[in-house]
Structure formats: C-alpha cells, structure tokens
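Here are the chains, one letter per residue:
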Amino acid sequence: MPNEIKGEELQGGMTTTDRRTLLRTAGLAGAAGAALAGTMHGKFSLAPVSEAQAQTPTSMPKGTDKPWWPSKWGKDDEAGASNHITPEKVLDAAKWIKDGKIYKIGRV
Amino acid sequence: MPLFGPRAFTLRIPGGPTGGPFGDNKLVYHDEFLSTEIGQTGTQFDGLGHIGIQLGKDGDKSEMRFYNGHTAAEISDAYGLKKLGVEKLKPLFTRAHLVDMVALKGGMMDAGQEITSADIKAALAKQNMSESDIKPGDAIMFHTGWGSLWMKNNDRFNSGEPGIGLDAARWVIEKDLALTAADTWAVEVVPNPDKSLAFVVHAELQTKHGIHNHENLIFDELIADKKYQFVYCFAPAPIKGATGSNGCPIAIT
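Chains A and B, in that order, are what the protein sequence lines are. Residue numbers for the first sequence, in the UniProt record's numbering: 1 to 108. Residue numbers for the second sequence, in the UniProt record's numbering: 1 to 253.
The hints are simulated quantities; they were obtained by calculation from the structure and are not laboratory data. A portion of the hints provided could be inaccurate.
[Unchecked claim] Here chain A is said to cover these stretches of chain B; the calculated rule only asks that three of the stretch's residues, wherever they fall, bring their Cβ under 8 Å from a Cβ of chain A:
id, segment
1, 52 to 59
2, 65 to 72
3, 78 to 89
4, 92 to 103
5, 177 to 190
6, 193 to 204
Given the structure is predicted, the values throughout are model-derived calculations rather than measurements. No residue lacks a Cβ here, since even glycine has one placed at the ideal position from N, Cα and C.
With the hints as extra help, turn the sequences into a complete structure.
Structure, rendered in structure tokens:
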C-alpha cells in the first residue's frame, strides 16, 4: 500500500510537471503560431515579407513613388469608381439588354 | 468551398425547424447562424477599406494609407471600419466585357501566368470586339479556366492563380474602368512574376485608383452562349463598416 501511495504521489508529481511543461510549450507554440499566422496564412500567405520588413521609415514601398490622394472624386470620397454609375451610365448600359436573360455569375 | 488559411465559413441551422409552431395556424420556421469573414469568402467583392499600403514605420497607423489617403488610424475599428465601409459604395449597374482567355490560350491558364494588355487586345479581336467600345465606368472580366478547379482541386486552386499583372492594370486605369473581375480568388496573377511584389495589382487598382474587384465569379454559361458583352449588376451587402461583400452578381443580356 505505501508503495502504491508513493507511486500515486510520484505519478501526480509527474503529471503536474508534465502539465507545466505542456503549458510552457503551448505558450511558445502559441506565440510561434501567432507569428506564423501573420505571414503564412490567409489570402496573403504568398506575400513576401522581407521587402516590407527591410523598409526604412522614410522610404516609399516598391511600386509607390508619390501619394495617390486626393481622389479625382474629391478628397473626402469613399465611393471610388462606383461614382461612375450615373443615371446616364445606367441608361447607356440598359441598351445592352436585348434578350432579357439573367445569368447568375456568383458561386454557390 | 476553397478558403484561404484560417478563414472560416460555418453555417448552422439549429432546431430543425428552429422554432414554432406559432399561432393556431401552426407556423414553423428555419433560421441560420453564419460565422465567416462575410466579405472575403466565396464569391467576394472587395470594398475600398480592404487593401492599404504601409508608407511609414511598422505599426504606424497614421501612415498606413488606403483609398483616397484615408489612414488606418482614421478608419480601423474592431466594430467595423469607420470610413470606406462597403456600404458607402453606389450599386453597380454597368456594361461588362468578358475576355475569354481559355479560348485565346487554347486551355486553362496556369498559376503565375500573367494576362497582359496585349492578351486583352488579342482576345477582344478574337471575339470580334472593339477595344474602342470599352468606355469609362465599364467592367472588364477574365475567364481563365482556373475556376474549373473549384471544389475539384481546392489545394491547387488556392496555391496560386493566373491573372492580370501591372501591365494590364495600367490598361484598366487608362480605360478608366469601374471594376475588374475573374474566375479566380484574387483576379491578379499569383505569384507575381516579380517575386518581391505581393498583391500589387490590388493596391494599384483598389487603393490608388478606387477601382473595384470581384473575385470567384463563374462565366461558364455566358461562355457557352457566346455572350461576351452584358450588363453587370451588383449591390454590395449594406453591412456598415464591412471590408467587402458576399452576394450573387448577375449578368443581364
């Protein structure tokens, strides 16, 4: 019996240690996972990060040499190219409706 | 459906039916619960708050610039974008020109294969369409064949894609178009032929020129009917502060 109790205590101690180790490991893995999530996942998973990380505060990123604002639709505009859709544009587009047929071009 | 990295699309309808019966008429009903990046999964329309460019130091939100120079400091908010939300856009109803790259190239294009402005001109000529008929505010759409991988080989579909590069983007900007679209998840070529660039066409068209982008469309029926010119109609879901929109765009002939 004493041996069994001792065994249980030992086992319990190991369990505690294992859990602590696990938590520490999980913490590290979590941090690594978070770091990976930023670079490895999502639509931007194929994005090279070295260029952006190598930037100096004063340099423009590659492909940008000057500010692109204000917009031609005004400095406060939030609608962008949808501003093209004027009543005249709608009437002009409607001239292309000849068959009256509608195609769903979105995925299910 | 193909999703990117940790993006999720989870639909649940509890109950079966969810509720009822109500009243002496014994009405029963279904409700769905949806958990997803609602504007960035499946057929998706990119709003102007989706893509920006960092001009300053890492973490400096006052120099993370979006369309019209709006900054992350101004617009970012955990409860929805404070500016450039997709609800600010006007509904789109415009002429669309469909470019059949499969017909031009003789088969499905491959990942990393770029559609150039020369390709667009060649495809238009092959389809007996005049480049001069493309007017400001029109939409241009690309059938690359890559969409045929949808739900057939999602891993390959997600691994990259054919699409437009900066050359074609400049053509779109010169034509002053309202929208680009394709049967792919980004419309632009991935990876870019210049391996140091990431989604640079997104930034060029959307961020710098406010030109919209519709991803994961399907043109099979239009192609079968040889309908390359039609009216494109889409109103983004009016979700305040959303980065994009799901929904079903339609083509009308």
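Which constraints among the numbered hints does this structure fail? Numbers only, ascending.
The structure conflicts with no hint, since it agrees with every one listed earlier.
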